[in-house]
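S.K.: Same order as they appear, the protein sequences are chains A and B.
Numbering-wise (the working numbering), the first sequence opens with residue 60 and increments by one.
Numbering-wise (the working numbering), the second sequence opens with residue -2 and increments by one.
A portion of the hints provided could be inaccurate.
[Said to hold, decoys possible] The following residues of chain B were derived to be distant from chain A, with all beta-carbon distances above 10 Å:
1) Gln8
2) Glu53
3) Ile109
[Unchecked claim] Derived pair list, reagent style SDA-like, types lysine to any residue, alpha-carbon separation capped at 20 Å:
4) Lys39(B) / Pro66(A)
5) Lys120(A) / Lys54(B)
6) Lys39(B) / Gln61(A)
7) Lys39(B) / Leu105(A)
8) Lys108(A) / Gly75(A)
9) Lys39(B) / Lys120(A)
10) Lys108(A) / Tyr84(A)
11) Lys108(A) / Asn96(B)
12) Lys108(A) / Lys75(B)
13) Lys39(B) / Tyr91(A)
14) Lys108(A) / Lys54(B)
15) Lys54(B) / Tyr86(A)
16) Lys108(A) / Ser62(A)
17) Lys39(B) / Ile68(A)
18) Lys39(B) / His26(B)
19) Lys39(B) / Gly121(A)
20) Lys54(B) / Pro66(A)
21) Lys75(B) / Val16(B)
22) Lys172(A) / Asn155(A)
23) Lys108(A) / Glu41(B)
24) Lys39(B) / Asn134(A)
25) Lys39(B) / Ser62(A)
26) Lys54(B) / Gln61(A)
Treat the hints as calculated values from the structure; they're not laboratory data.
Quantities reported herein were computed from a predicted structural model and do not represent experimental measurements.
Even for Gly, the Cβ is constructed at its ideal location relative to N, Cα and C.
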Amino acid sequence: AQSVTQPDIHITVSEGASLELRCNYSYGATPYLFWYVQSPGQGLQLLLKYFSGDTLVQGIKGFEAEFKRSQSSFNLRKPSVHWSDAAEYFCAVGINNAGNMLTFGGGTRLMVKP
Amino acid sequence: EPEVTQTPSHQVTQMGQEVILRCVPISNHLYFYWYRQILGQKVEFLVSFYNNEISEKSEIFDDQFSVERPDGSNFTLKIRSTKLEDSAMYFCASRDQGNQPQHFGDGTRLSIL
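Chain A on its own, in the form it takes in the complex (with noise of 0.2 Å):
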């Protein structure tokens, strides 16, 4: 069964300086790969996906993801945070069966000092 690790439960960042959030993956085969944020009180929104192709997706908002397969890794990246970036962002790992269910990382909280 596949897996996802987001090691990093809280990341402390100043507003303007980059970011990258971490995320490592456990499957047999190329997943599907999301990034979704969360803000208090509200649903999951999709930043990017990677289903194929060219291995750097760029999402809304200014974020990038970068899928790398050596690593099972697709880290998320901006290079200038912002206030309103401050919110808990989840990685998800999909397989093409036939319910193509999403499994889900614990999670990063962002907190962004001005």
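Please build the complex by placing chain B on the supplied structure of chain A, with the hints as guidance.
M.R.: Relative to chain A, chain B alone:
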């Protein structure tokens, strides 16, 4: 942009009572999902639904749970006899056919007393 909508936003129910959580998926989507997130824990898959039948379900989705698409727009999750441990945020999601991502609603917070 089309959204997945869930009602109610917060449901408080006595233990042992039945509860129905409602979702309106994005109108042209064909695949439907329920997930739950117990406070402080991971988002967990419950069930997927396609072509009017369950296509996959997790161990959590036992006989107390059922899903239904009663008409062309709604997708419901029923918990027959709620337990304290059913307290969680329940998310509905839908997606289009092909390699498309799942889009999530804002969730229903279920509190069992």
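S.K.: Output the numbers, in ascending order, of every earlier hint that fails for this structure.
M.R.: 2, 5, 8, 9, 12, 14, 18, 19, 20, 22
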